Amino acid sequence: MTTSTTTPDTTLTETVSPVTKSSSRFDGAFERWALVGALGLLVLLCVATLPQFRTASLFTTMLNAQSLVLLLALTATIVLRLGDFDLSISQTMVATAAIVAVMTKNGYPAYVAILTALALGALVGAINALIVVRVGVDSFVATLGSYTALAGFAYLITDSRIVAGVPDGFVNFSRSQLLGLPMITWYAWVLVVVLWYVYQRTPLGRYTVFIGGNRAAARLAGISVDRIRTSAYIVSGLIAAFIGICFAGYFGAVDPSVGAQYMLQPFAAAFLGATAITVGRFNAWGTVAALYLLTVGITALQLLGAQTWVTNVFYGLALIVSVTAAKLVGKRRAGART
Amino acid sequence: MTALNVVGLRKSYGGAVALDGLNLHVRPGEVHALLGQNGCGKSTLVKSLTGVVTPDEGSVEVFGRTLTLPVDAPHEHGIAVIHQDIGLVDDMTVLENLGANARYGARLLAPVRVGREKAVYRELMNRLGFDFPLDAQVSTLSPAERALLAVVRAMRLMDGNTDEQLFILDEPTAALPRPEASRLLALMRRVADTGAGVVFISHRLAEVMEVCDRATVMRAGRDVVEVPIEDTSRSELVAHMLGRRMDDFYPAPPGVEFGAPRLTVRGLTGRRVADVDLTVRAGEVVGVTGLAGMGQEELPMLLAGDEKPVAGTVVVDGTELRASDPRQAIDHGMTLVPGNRLRDGCWVEGTAEENVILPVVHRHRRWKGLDINAMRERAARLMTEVNVHPNRPELPMSAFSGGNQQKVVFAKWLQLDPKVLLLDEPTQGVDPGSAKDLLADAMAAATNSAAVVVFSGEHELLAAVCHRVLVLHHGRLIDELSGPRLTEQQLLEACESPADDALLATH
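Residue numbers (the UniProt record's numbering), protein chains in the order written: chain A, 1 to 338; chain B, 1 to 507.
Chain A with its partners taken away, still in its complex shape:
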């Protein structure tokens, strides 16, 4: 059988495009705003059914109580975006808070305590970077190691006791109010805006997400991959130290055993946040929405009479659900190929 030449058909490539324009637009919008929508619905539901939710004070309480976790969650995204982990941030916070409390108690001026705290944060970041970026140890393992070591360090400098009596200056730094909200909440919101700007609006934001996506291709494209990863760890450590300073002032005392409580929540929020706004990437606004969704959910459960342990179960499950959701979204997007 011999066949003849077929007629020209130049439009065929158009007909096999993987997804139609309208459907992808709709899907995209749905994915972007699903989490925010869930947050809105949950708030409405709570307001409708729980009388306590009809007070403004409950909302400000929720905002304030979660500011530390929000700060940590935002910090977590800095390194997560590059495809690495920095699990040590919560213990960096506790260790630097302990330094501030102990040093001021022993009569050192506040600025010396602050500089020491920031130096410790930068040092932790530099050590993490050395092990992960230079030596090439898996970041999860390496920063879990520094997390544990810092926990021990916090016990060492506090002599395993709660250190109280943090000077008023620190307390005011975290707690003094502006427009009805404590300063620490404002710091969290400033960090949201800064990170949003860096992630979405600067070349650095493009580079970081590309490094997280394909490190080899990023390097071949001329991006200074190792320098950016190193800087990210140092910045992460520095911000964690700043959060530690806020922490000391916010509570007015430092309990060296408290780090573990702040370990998981920031990562649950960061992973869940990656399923919203800029879907599939760690991002600032998504993290905010995720954290407030988790907070409202837990507050509602507690108002309904749930025990404290519910918080842990809720965060644990939320982390699993959010990572699963991120995975499924990623799969669906990749599966669009013909």
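Careful: at least some of the hints might be erroneous.
[Said to hold, decoys possible] A few chain A residues that don't get close to chain B, going by computed Cβ distances all over 10 Å:
1) Tyr187
2) Ala260
3) Leu304
[What the hints assert, rightly or not] Here are some chain A residues pointing at chain B (derived, C-beta under 10 Å):
4) Gly205
5) Arg206
6) Tyr207
7) Phe210
8) Gly212
9) Gly213
10) Ala218
11) Leu220
12) Ala221
13) Ile223
14) Ser224
15) Gly280
Hint data in this document are derived by calculation from the structure and do not stem from the laboratory.
This structure is a prediction, so every number in the text was calculated from the model and none was measured.
Glycine included, every Cβ here is placed at the ideal spot set by N, Cα and C.
Starting from the known structure of chain A, fit chain B onto it as the hints suggest.
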């Protein structure tokens, strides 16, 4: 009886039709070519046969047994699919990878008899006519070696009873230089001779003409024609694939006068290559080839600064580049389109825009942040220039076919107007129409006085688009072919059996 009988297969994703009533008939004992442009639905067909995708309609029969859809456990129905590089674990050794799908059965907890396994695989590799250390890490293998490994592993499955089985080889030769590819083709023939059905998916029509009995051409999710190979020709097959005639498969190198040397390499030595000297002038297109493992996989990475050389200098336009600094190479106008697109060339979950804009993001900085609209416009314009379908910068790279992904990678580098353009296997896994587009873009760069270096094992391509071609043998450049000597046949001979005097010079 037919080995594979696909009737009226349909599948659509959302609103887009990937398979539109496809029919495919493969006889036992034949090597059947399945041809079509990137994005014509071939991969959806393969995914339907392996159960990854559930077809909307249609039926699939293997040796008379009708399969329930979606296909469950394809290997139990006698369907074995060999992808180019699927399922290799980088951090494990060759032997561990080969053992991954060995059927241990009841001996699952018995100690692995390493010596015996090694002997089995050595024998399989001997049959294929090559050898590499079984204890090597897969991550250290070149694309060519990985493809061979995938084939050996599938061979292990084939071993023994191959009747009533259907082998689907999805571009198995795409990463292989010609001589290795020939061995694989011969192997396919032998497998078919045992009575198995073999489906060969490839963009290399020369190989199809050489080994296949019949061909089915797909276009836009349909079978356009089924034809015995002896009754057709390459240009006819391409016409069916594209829906139009194409005069030549490859563009000719530009006929401009060569300018000053753009790229000068002296004594470059790495892990596999040694003492490479190379000068490429403005407007010149130079090919570099060799058998697998002879160093043509390493050389582009050394030049681009991804790997640190042991010795030697790389000079671009009079500036000596620092070792191991890709950024500096790019800043001086030398860019690389890597051979392994998914590993080194792009971020496949990222959007086309994010990928294509990457090298110029910093140019779109404004006081209030990146100019998102300008970047999107630029991406759309670049994608139009290299003819990407669909031209939708907001889609992730994974939504594009291989040929279109490669066009995006080309566009990423061509926008910088490179002085030296390094292309490593630029048309690997790319259909003839897109391949010609891509090569034409490279030739246009040469006309604009870039120096172009093409690293490839495809001798036909090199003979067509290059002014001269250098041959690597055990990491050294041993031969240079140009003018009347620059033919596919001569290149093959130069790679396979280098002239004695050329070999003497290297030892």
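Which hints from the list above does the structure break, by number from lowest to highest? No hint contradicted; all consistent.
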